[in-house]
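Trainee: Sequence:
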Amino acid sequence: MSDTKIDQNILDRLFSVLEDDILPKTRAGVSDGNKLFGAAILRKDDLSLVIAETNNETENPLWHGEVHCLKRFYEIPADQRPATSELIFLSTHEPCSMCLSAITWAGFDNFYYFFS
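Going by my numbering, the residue at position 9 of the sequence shown is 9; the numbering climbs one at a time, nothing skipped.
Honestly, I wouldn't trust all of these hints.
Pair by pair, the computed Cβ-Cβ distance ranges are [as the list claims (entries may be wrong)]:
no. : residue 1 : residue 2 : range
1   : Asp12     : Phe108    : 27 to 33 Å
2   : Gly33     : Ser85     : 21 to 27 Å
3   : Phe15     : Ile76     : 22 to 28 Å
4   : Asp109    : Ser48     : 15 to 21 Å
5   : Ser31     : Ala83     : 30 to 36 Å
6   : Gly33     : Asp7      : 36 to 42 Å
7   : Asp79     : Lys35     : 15 to 21 Å
Hints in this document: simulated from the structure, not taken from any laboratory.
Cβ coordinates follow ideal geometry from the N, Cα and C atoms, glycine included.
Work the whole structure out from these sequences, hints included.
Mentor: Right under this line is the structure:
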């Protein structure tokens with residue numbers, strides 16, 4: 001399979017996760033007074049979704065979409081939680097410095113975002 005085909009598969013899957021998993025949570029979050037930033041974590045090997053989340057600043061101002069997603073990811077029991085080296089981090093928007101640091105400190109070696 002060519003690199004272009006692989007890249008297109010990843011891109012198609014990331015858009016699908018944005019539309020089907022992140023946006024519904026973000027819609028609900030915005031109706032509760034949160035901002036529209038969201039994130040998801042996917043497995044590298046099959047691009048399956050591990051978790052998707054959205055901004056939850058009405059609960060805690062630190063819960064930007066990315067950090068809230070990491071919080072929820074680390075609430076998964078350790079024996080069921082995949083290693084970050086096996087995962088892709090997806091953000092709806094370019095992460096701020098706090099979120100970028102959190103993604104890095106959590107051990108992710110790559111991430112994608114849609115908007116800056």
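Trainee: Does each hint fit the structure? Answer for all of them.
Mentor: Hint check results:
no., hint, in the structure
1, Asp12 / Phe108: 27 to 33 Å, "violated, 21 Å"
2, Gly33 / Ser85: 21 to 27 Å, "violated, 36 Å"
3, Phe15 / Ile76: 22 to 28 Å, "holds, 25 Å"
4, Asp109 / Ser48: 15 to 21 Å, "holds, 18 Å"
5, Ser31 / Ala83: 30 to 36 Å, "holds, 35 Å"
6, Gly33 / Asp7: 36 to 42 Å, "holds, 37 Å"
7, Asp79 / Lys35: 15 to 21 Å, "violated, 34 Å"
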